[in-house]
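**Student:** Starting from the given sequences, assemble the full structure and let the hints guide the process.
Residue-level listing of the chains:
Protein chains: 4
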Amino acid sequence: MIHRTELTIRTFHTDAFGHVNNSRYVELLEEARWRYAEDIGLVDLLKTEGLGFIIVDMRLRFRVPVFEGETIRVETSLESLGSASGDVKQWIYKSNETSVCLKSVFHFILIDRETAKSVPIEGAIRELLLKLVAN
Amino acid sequence: MIHRTELTIRTFHTDAFGHVNNSRYVELLEEARWRYAEDIGLVDLLKTEGLGFIIVDMRLRFRVPVFEGETIRVETSLESLGSASGDVKQWIYKSNETSVCLKSVFHFILIDRETAKSVPIEGAIRELLLKLVAN
Amino acid sequence: MIHRTELTIRTFHTDAFGHVNNSRYVELLEEARWRYAEDIGLVDLLKTEGLGFIIVDMRLRFRVPVFEGETIRVETSLESLGSASGDVKQWIYKSNETSVCLKSVFHFILIDRETAKSVPIEGAIRELLLKLVAN
Amino acid sequence: MIHRTELTIRTFHTDAFGHVNNSRYVELLEEARWRYAEDIGLVDLLKTEGLGFIIVDMRLRFRVPVFEGETIRVETSLESLGSASGDVKQWIYKSNETSVCLKSVFHFILIDRETAKSVPIEGAIRELLLKLVAN
Numbered sequence: 018m019i020h021r022t023e024l025t026i027r028t029f030h031t032d033a034f035g036h037v038n039n040s041r042y043v044e045l046l047e048e049a050r051w052r053y054a055e056d057i058g059l060v061d062l063l064k065t066e067g068l069g070f071i072i073v074d075m076r077l078r079f080r081v082p083v084f085e086g087e088t089i090r091v092e093t094s095l096e097s098l099g100s101a102s103g104d105v106k107q108w109i110y111k112s113n114e115t116s117v118c119l120k121s122v123f124h125f126i127l128i129d130r131e132t133a134k135s136v137p138i139e140g141a142i143r144e145l146l147l148k149l150v151a152n
Numbered sequence: 018m019i020h021r022t023e024l025t026i027r028t029f030h031t032d033a034f035g036h037v038n039n040s041r042y043v044e045l046l047e048e049a050r051w052r053y054a055e056d057i058g059l060v061d062l063l064k065t066e067g068l069g070f071i072i073v074d075m076r077l078r079f080r081v082p083v084f085e086g087e088t089i090r091v092e093t094s095l096e097s098l099g100s101a102s103g104d105v106k107q108w109i110y111k112s113n114e115t116s117v118c119l120k121s122v123f124h125f126i127l128i129d130r131e132t133a134k135s136v137p138i139e140g141a142i143r144e145l146l147l148k149l150v151a152n
Numbered sequence: 018m019i020h021r022t023e024l025t026i027r028t029f030h031t032d033a034f035g036h037v038n039n040s041r042y043v044e045l046l047e048e049a050r051w052r053y054a055e056d057i058g059l060v061d062l063l064k065t066e067g068l069g070f071i072i073v074d075m076r077l078r079f080r081v082p083v084f085e086g087e088t089i090r091v092e093t094s095l096e097s098l099g100s101a102s103g104d105v106k107q108w109i110y111k112s113n114e115t116s117v118c119l120k121s122v123f124h125f126i127l128i129d130r131e132t133a134k135s136v137p138i139e140g141a142i143r144e145l146l147l148k149l150v151a152n
Numbered sequence: 018m019i020h021r022t023e024l025t026i027r028t029f030h031t032d033a034f035g036h037v038n039n040s041r042y043v044e045l046l047e048e049a050r051w052r053y054a055e056d057i058g059l060v061d062l063l064k065t066e067g068l069g070f071i072i073v074d075m076r077l078r079f080r081v082p083v084f085e086g087e088t089i090r091v092e093t094s095l096e097s098l099g100s101a102s103g104d105v106k107q108w109i110y111k112s113n114e115t116s117v118c119l120k121s122v123f124h125f126i127l128i129d130r131e132t133a134k135s136v137p138i139e140g141a142i143r144e145l146l147l148k149l150v151a152n
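Order-wise, the sequence lines are chains A, B, C and D. Just add 17 to wherever you are in the first sequence, counting from 1, and you've got this note's numbering. Just add 17 to wherever you are in the second sequence, counting from 1, and you've got this note's numbering. Just add 17 to wherever you are in the third sequence, counting from 1, and you've got this note's numbering. Just add 17 to wherever you are in the fourth sequence, counting from 1, and you've got this note's numbering.
Bear in mind the hints are in silico, worked out from the structure with no lab data behind them. Glycine included, C-beta positions come from ideal geometry on N, C-alpha and C. Watch out, some of these pointers could steer you wrong.
In silico lysine to any residue, SDA-like type, Cα no more than 25 Å apart, as pairs [what the hints assert, rightly or not]:
| # | chain 1 | residue 1 | chain 2 | residue 2 |
| --- | --- | --- | --- | --- |
| 1 | C | LYS111 | A | THR22 |
| 2 | D | LYS148 | D | THR22 |
| 3 | C | LYS120 | B | GLU23 |
| 4 | A | LYS106 | D | THR22 |
Computed Cβ-Cβ distance ranges for the label pairs, DEER-style [said to hold, decoys possible]:
| # | chain 1 | residue 1 | chain 2 | residue 2 | range |
| --- | --- | --- | --- | --- | --- |
| 5 | B | PRO82 | C | GLU114 | 32 to 42 Å |
| 6 | B | SER94 | C | GLU114 | 50 to 60 Å |
| 7 | D | ARG21 | C | PRO137 | 48 to 58 Å |
| 8 | D | ARG143 | B | LEU146 | 34 to 44 Å |
| 9 | B | GLY67 | A | GLY35 | 39 to 49 Å |
| 10 | A | ASP56 | D | LYS106 | 32 to 42 Å |
| 11 | B | ALA141 | D | PRO82 | 43 to 53 Å |
| 12 | B | ASN113 | D | ALA151 | 47 to 57 Å |
| 13 | C | GLU114 | D | VAL136 | 27 to 37 Å |
| 14 | C | ALA133 | A | VAL117 | 26 to 36 Å |
| 15 | D | PRO137 | C | PRO137 | 43 to 53 Å |
Calculated from the model, a selection of chain A residues having no Cβ within reach of chain C, i.e. all distances over 10 Å [claimed, not checked]:
| # | residue |
| --- | --- |
| 16 | ARG27 |
| 17 | GLU55 |
| 18 | ASP56 |
| 19 | ARG78 |
| 20 | GLY86 |
| 21 | GLY99 |
| 22 | SER102 |
| 23 | ASP104 |
**Tutor:** Here you go:
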């Protein structure tokens with residue numbers, strides 16, 4: 018399953034090169050992952066159990082610059098799911114275009130927000146994610 | 018007493034207008050307040066007592082744009098101190114220049130970081146701050 | 018006329034106090050002004066003429082902290098319009114609540130994005146804004 | 018050659034997990050690269066020629082969380098230099114500690130800031146960088 022989010026680039030996303038700053042892409046991609054998580058009911062599940070996903074590895078490749086006022090489409094998909102971690106792929110396109118502006122992969126683990134320790138991905142959360150893994 | 022901090026503007030501080038973005042000024046000014054607090058031993062005092070200052074009101078006036086690669090001088094002074102709050106004035110200049118780029122005032126209160134409740138400014142913290150209030 | 022935008026607070030908007038960081042409010046409020054400008058066709062008008070609004074003075078008062086996962090409602094209204102500047106009022110509420118979390122006023126001017134010089138607010142842009150000024 | 022920069026973590030670098038937010042690491046690492054570039058005279062060289070380095074690929078691995086008030090040491094080294102691109106390695110440690118908090122690699126190209134096109138790394142800039150490549 019591929020989830021799609023549209024986001025519009027604002028002045029505060031850009032830098033003096035005129036395009037989106039590297040660190041802002043990390044935030045735009047996080048926003049897209051949150052919207053995916055909300056759409057499938059994952060945010061509520063995590064909240065109920067006091068858990069949270071955190072990123073332990075991320076790789077971003079910048080292909081085409083994006084400018085203020087442009088709208089992007091973030092395509093997010095769960096690529097793999099292990100017992101305590103997984104990989105999310107996120108590609109950015111300009112809306113209504115098919116060439117890729119950015120390719121990224123985020124490796125995540127699940128943690129208990131109270132103890133900040135890694136915990137296995139089990140139960141209802143695992144069931145939900147298993148349905149989404151790209152085939 | 019006026020405290021001076023020099024900071025250099027990086028690409029990530031700027032936006033597509035070429036100059037420092039409004040929200041980044043808030044961070045540059047916070048950085049300058051932290052350096053002041055470190056220099057006078059306030060950070061250690063706060064940490065020991067589990068307290069923290071938070072901003073409840075801020076006003077910033079932007080006069081002259083600042084660009085990537087430029088170095089600014091932030092002049093910070095404690096303008097007034099009440100029983101549970103106070104005002105910090107921060108003006109930004111370009112280094113080696115005397116015209117003001119930005120004028121700001123931050124109104125702060127002291128809180129207990131555990132309870133997030135406002136507490137009176139007393140004891141060693143009060144003594145320290147009283148010596149710094151602008152005359 | 019009051020424009021309303023709903024925005025959800027993400028982890029990257031918050032800081033170690035657990036609530037939205039001051040500088041992030043500046044960005045959330047900018048986002049809300051952009052959405053207002055888009056909804057009324059102002060963004061296209063500005064682009065066509067190579068103009069942009071910039072903030073020259075801002076005042077923010079923080080009343081109630083907002084936390085990760087909460088949804089806010091930003092109410093934006095044009096309070097006054099002069100020959101070359103104006104004031105926008107923006108108040109933030111938690112969604113479905115009526116107590117104010119943040120009050121702010123932004124004073125803006127219109128500039129030519131090529132020259133970065135202030136220009137009068139005239140023609141189609143003035144006509145559009147005059148209809149929106151709060152009565 | 019390994020360049021070392023010390024930076025202190027402020028509230029605005031952290032998020033509600035209590036530690037430095039992912040996107041803020043990108044900025045802290047950019048700050049450390051700028052300081053390296055300043056220390057060796059590269060910033061002036063780039064400015065004179067109207068050139069700039071931009072990141073086209075970045076990989077960050079988060080090992081140990083860093084908290085508000087902690088001071089980090091960023092170790093930056095130029096790993097390789099091609100005709101038009103190169104790799105910078107940046108590892109973060111807590112000051113006075115030897116365990117790694119973050120490992121990262123940034124792949125960069127040189128561009129003409131006027132045209133935004135990639136240009137070969139030649140002349141004085143190449144000479145300077147060749148001396149720094151890790152052996």
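**Student:** The structure should be examined with respect to each hint, and the outcome stated for every one.
**Tutor:** Each hint tested on the structure:
1. Distance restraint check for LYS111(C) and THR22(A): the Cα-Cα separation of roughly 24 Å lies within the 25 Å cut-off, and the hinted pair is therefore satisfied.
2. With a C-alpha separation of about 20 Å, the suggested pair LYS148(D) and THR22(D) falls inside the 25 Å cut-off, and the hint holds.
3. Simply put, LYS120(C) and GLU23(B) have alpha-carbon atoms about 31 Å apart, too far for the 25 Å limit, and the pair is violated.
4. Between LYS106(A) and THR22(D), the direct Cα distance comes to roughly 32 Å. Violation of the 25 Å bound is thereby established for this hinted pair.
5. The given range of 32 to 42 Å is respected by PRO82(B) and GLU114(C), whose C-beta atoms sit roughly 38 Å from each other.
6. The hint said 50 to 60 Å for the Cβ distance between SER94(B) and GLU114(C), and at roughly 38 Å that hint is violated.
7. ARG21(D) and PRO137(C) have their C-beta atoms about 52 Å apart, which keeps the hinted 48 to 58 Å range intact.
8. Separation of ARG143(D) from LEU146(B) is about 53 Å and departs from the stated range, judged on CB atoms against 34 to 44 Å.
9. Checked against the hint of 39 to 49 Å, the C-beta distance between GLY67(B) and GLY35(A) comes to roughly 45 Å, which is consistent with it.
10. As the Cβ distance of ASP56(A) to LYS106(D) is approximately 38 Å, the hint placing it in 32 to 42 Å holds.
11. The given range of 43 to 53 Å is broken by ALA141(B) and PRO82(D), whose C-beta atoms sit roughly 30 Å from each other.
12. One distance hint, 47 to 57 Å for the beta-carbon pair ASN113(B) and ALA151(D), is violated here, with the actual separation near 36 Å.
13. Look at GLU114(C) against VAL136(D): about 55 Å separates their beta carbons, and that is not inside 27 to 37 Å.
14. In this structure, ALA133(C) and VAL117(A) meet the distance hint of 26 to 36 Å, their C-beta atoms being roughly 34 Å apart.
15. For the hinted restraint 43 to 53 Å between PRO137(D) and PRO137(C), the CB-CB distance of approximately 47 Å keeps it satisfied.
16. Residue-level check failed: ARG27(A) sits 5 Å from the nearest beta carbon of chain C, not beyond 10 Å.
17. At roughly 8 Å, the least C-beta separation between GLU55(A) and chain C is not larger than 10 Å, which violates its mark as non-interface.
18. Separation of ASP56(A) from chain C is adequate, the least Cβ-Cβ distance of about 12 Å exceeding the 10 Å criterion.
19. The Cβ of ARG78(A) sits about 21 Å from the closest Cβ of chain C, beyond the 10 Å cut-off, so the non-interface label holds.
20. With a closest Cβ-Cβ approach of about 7 Å to chain C, GLY86(A) is found to fall inside the 10 Å limit, against its non-interface label.
21. Distance check for GLY99(A) against chain C: the nearest CB is about 23 Å away, which clears 10 Å, and the non-interface claim stands.
22. Chain C leaves SER102(A) outside its interface by the beta-carbon criterion, the shortest separation being 18 Å against a cut-off of 10 Å.
23. With a least CB separation of 19 Å from chain C, ASP104(A) remains clear of the 10 Å interface cut-off, as annotated.
Violated hints, in rising order: 3, 4, 6, 8, 11, 12, 13, 16, 17 and 20; the structure is consistent with all others.
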